[in-house]
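K.L.:
These protein sequences, in sequence, are chains Y and E. For the first sequence, position 103 matches number 103 in my numbering, and the numbering has no gaps at all. For the second sequence, position 31 matches number 31 in my numbering, and the numbering has no gaps at all.
In short, the hints are calculated from the structure, not lab data. Hints are not guaranteed to be accurate.
[To be verified] Partial pick of chain E residues on the chain Y-facing surface, computed with a CB cut under 7 Å:
(1) Y10
(2) G28
(3) A39
(4) L43
(5) Y51
(6) Q52
(7) M55
(8) D56
(9) F103
(10) P105
(11) G106
[To be verified] Calculated pairs, BS3-like style, for lysine-lysine (alpha carbon to alpha carbon, straight line, at most 27 Å):
(12) K45(Y) x K3(E)
(13) K99(Y) x K19(E)
(14) K71(E) x K9(E)
(15) K56(Y) x K53(E)
(16) K71(E) x K67(Y)
(17) K82(E) x K99(Y)
(18) K3(Y) x K71(E)
(19) K3(Y) x K40(E)
(20) K57(Y) x K19(E)
(21) K3(Y) x K7(E)
(22) K99(Y) x K3(E)
(23) K9(E) x K82(E)
(24) K57(Y) x K7(E)
(25) K40(E) x K53(E)
(26) K82(E) x K3(E)
(27) K45(Y) x K9(E)
(28) K99(Y) x K70(E)
(29) K3(Y) x K41(E)
(30) K41(E) x K67(Y)
(31) K40(E) x K99(Y)
(32) K45(Y) x K41(E)
(33) K45(Y) x K71(E)
Backbone N, C-alpha and C fix where the C-beta goes; we use that ideal spot for every residue, glycine too.
Residue strings, one per chain:
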Amino acid sequence: QQKVQQSPESLSVPEGGMASFNCTSSDRNFQYFWWYRQHSGEGPKALMSIFSDGDKKEGRFTAHLNKASLHVSLHIRDSQPSDSALYFCAANTGANTGKLTFGHGTILRVHP
Amino acid sequence: DPKIIQKPKYLVAVTGSEKILICEQYLGHNAMYWYRQSAKKPLEFMFSYSYQKLMDNQTASSRFQPQSSKKNHLDLQITALKPDDSATYFCASSQLGEDTQYFGPGTRLLVL
């Protein structure tokens with residue numbers, strides 16, 4: 001069973017709209033979460049990390065973590081065509097080996 | 001200037017051959033990692049190194065051998081290549097104990 005599950009698989013939003021991504025972990029050892037974005041032909045780039053319950057806002061991006069339900073979400077407001085990419089949720093246990101476990105990703109398309 | 005260099009960008013190999021994927025990071029980080037991204041699978045952690053020592057190995061096959069000649073280098077040697085090894089291989093780095101891992105642009109390997 002995949003330890004980090006993401007939904008939806010793909011998402012299409014109009015320019016200026018809100019894009020929302022969900023991620024659920026099945027492993028309670030995961031304590032630290034990241035959101036990464038990958039444009040076609042490039043490596044993943046970290047968007048945000050979130051380690052504490054509640055919301056964390058950075059510019060147009062807001063992440064939310066609920067450790068009790070092991071659910072983390074990402075919301076992008078005022079979406080732009082340049083936001084079109086593959087979005088990954090990643091988690092680790094904090095065991096200091098650096099191992100990140102990734103979800104399958106959500107494809108976002110922002111249409112004009 | 002690119003902070004993580006991976007060479008080559010594309011690589012075509014024949015089944016049974018051996019290849020070395022190069023990774024250099026200029027972020028001053030003390031930990032480096034290899035991940036693999038193949039079709040229909042999430043990014044998979046392979047190895048982590050810190051101060052040129054292996055921290056974690058999640059690769060089942062001994063055909064994959066990381067090599068660290070300098071603290072900012074972590075190459076990946078793959079022997080007896082198989083078509084299933086076809087994937088994009090990403091190198092990443094971080095400051096151990098801190099959170100975000102930074103990824104390189106990847107090496108896309110095709111084994112025929």
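K.L.:
If a hint holds in the structure, say so; if it doesn't, say that too.
P.N.:
Going down the list of hints, with the structure as the test:
Checking Y10(E) against chain Y by beta carbon gives a least distance of about 11 Å; that is not within 7 Å, so the hint is violated. For the restraint placing G28(E) at the interface with chain Y, the shortest Cβ-Cβ distance is roughly 16 Å, beyond the 7 Å limit, so the hint is violated. For A39(E), the shortest C-beta to C-beta distance to chain Y is roughly 11 Å, which exceeds 7 Å, and the interface hint is violated. Proximity of L43(E) to chain Y holds as hinted, the smallest CB-CB distance being about 4 Å (cut-off 7 Å).
Checking Y51(E) against chain Y by beta carbon gives a least distance of about 12 Å; that is not within 7 Å, so the hint is violated. With a cut of 7 Å, the hint placing Q52(E) at the interface with chain Y is violated, because the nearest CB-to-CB distance is about 14 Å. Because the smallest distance between the Cβ of M55(E) and any Cβ of chain Y comes to about 5 Å, under 7 Å, the interface hint for this residue holds. Among the interface hints, the one on D56(E) holds; its C-beta lies about 4 Å from the nearest C-beta in chain Y, closer than the 7 Å criterion.
For F103(E), the interface hint holds, since its Cβ comes within 7 Å of a Cβ in chain Y; the closest pair sits about 4 Å apart. For P105(E), the interface hint holds, since its Cβ comes within 7 Å of a Cβ in chain Y; the closest pair sits about 5 Å apart. The closest approach between the C-beta of G106(E) and any C-beta of chain Y is roughly 5 Å, which is under the 7 Å cut-off, so the hint is satisfied. Restraint check: the Cα-Cα separation between K45(Y) and K3(E) comes to about 13 Å, which is no more than 27 Å; the hinted pair holds.
For the hint linking K99(Y) to K19(E), the alpha-carbon distance of about 24 Å falls within 27 Å, and the restraint holds. Proposed proximity of K71(E) and K9(E) is supported: the alpha carbons are some 22 Å apart, at most 27 Å. Distance hint between K56(Y) and K53(E) is unfulfilled; the C-alpha atoms sit about 35 Å from each other, more than 27 Å. Taking the CA atoms of K71(E) and K67(Y), the gap is about 36 Å. The hint is violated against a cut of 27 Å.
For the given pair, K82(E) sits about 25 Å from K99(Y) by alpha-carbon distance, which is consistent with the 27 Å threshold. Note on K3(Y) and K71(E): the hinted pairing is violated, with a Cα-Cα distance of about 32 Å set against a maximum of 27 Å. For the proposed pair K3(Y) and K40(E), the alpha carbon gap of about 15 Å is at most 27 Å, so the pair holds. Only pairs whose Cα atoms come within 27 Å are accepted, and K57(Y) paired with K19(E) is rejected, the gap being roughly 43 Å.
A C-alpha spacing of about 31 Å is found between K3(Y) and K7(E), which places the hinted pair above 27 Å, so the restraint is violated. With a C-alpha separation of about 21 Å, the suggested pair K99(Y) and K3(E) falls inside the 27 Å cut-off, and the hint holds. As the CA atoms of K9(E) and K82(E) are separated by approximately 19 Å, the hinted pair is consistent with the 27 Å bound. At most 27 Å may separate the alpha-carbon atoms for a hinted pair to count; K57(Y) and K7(E) exceed this at roughly 36 Å.
Under the criterion of a C-alpha separation no larger than 27 Å, the hint pairing K40(E) with K53(E) is inconsistent with the structure, at around 31 Å. For the given pair, K82(E) sits about 31 Å from K3(E) by alpha-carbon distance, which is inconsistent with the 27 Å threshold. Restraint check: the Cα-Cα separation between K45(Y) and K9(E) comes to about 18 Å, which is no more than 27 Å; the hinted pair holds. This hinted pair checks out: K99(Y) and K70(E) have alpha carbons roughly 21 Å apart, not beyond 27 Å.
A C-alpha spacing of about 13 Å is found between K3(Y) and K41(E), which places the hinted pair at or below 27 Å, so the restraint holds. Restraint check for K41(E) and K67(Y): satisfied, since their Cα atoms lie roughly 25 Å apart, inside the 27 Å limit. For the hint linking K40(E) to K99(Y), the alpha-carbon distance of about 20 Å falls within 27 Å, and the restraint holds. Between K45(Y) and K41(E) the alpha-carbon distance is near 18 Å, which keeps this suggested pair within the 27 Å criterion.
Taking the CA atoms of K45(Y) and K71(E), the gap is about 23 Å. The hint holds against a cut of 27 Å.
In terms of the numbered hints stated before, the structure departs from hints 1, 2, 3, 5, 6, 15, 16, 18, 20, 21, 24, 25 and 26, listed from lowest to highest.
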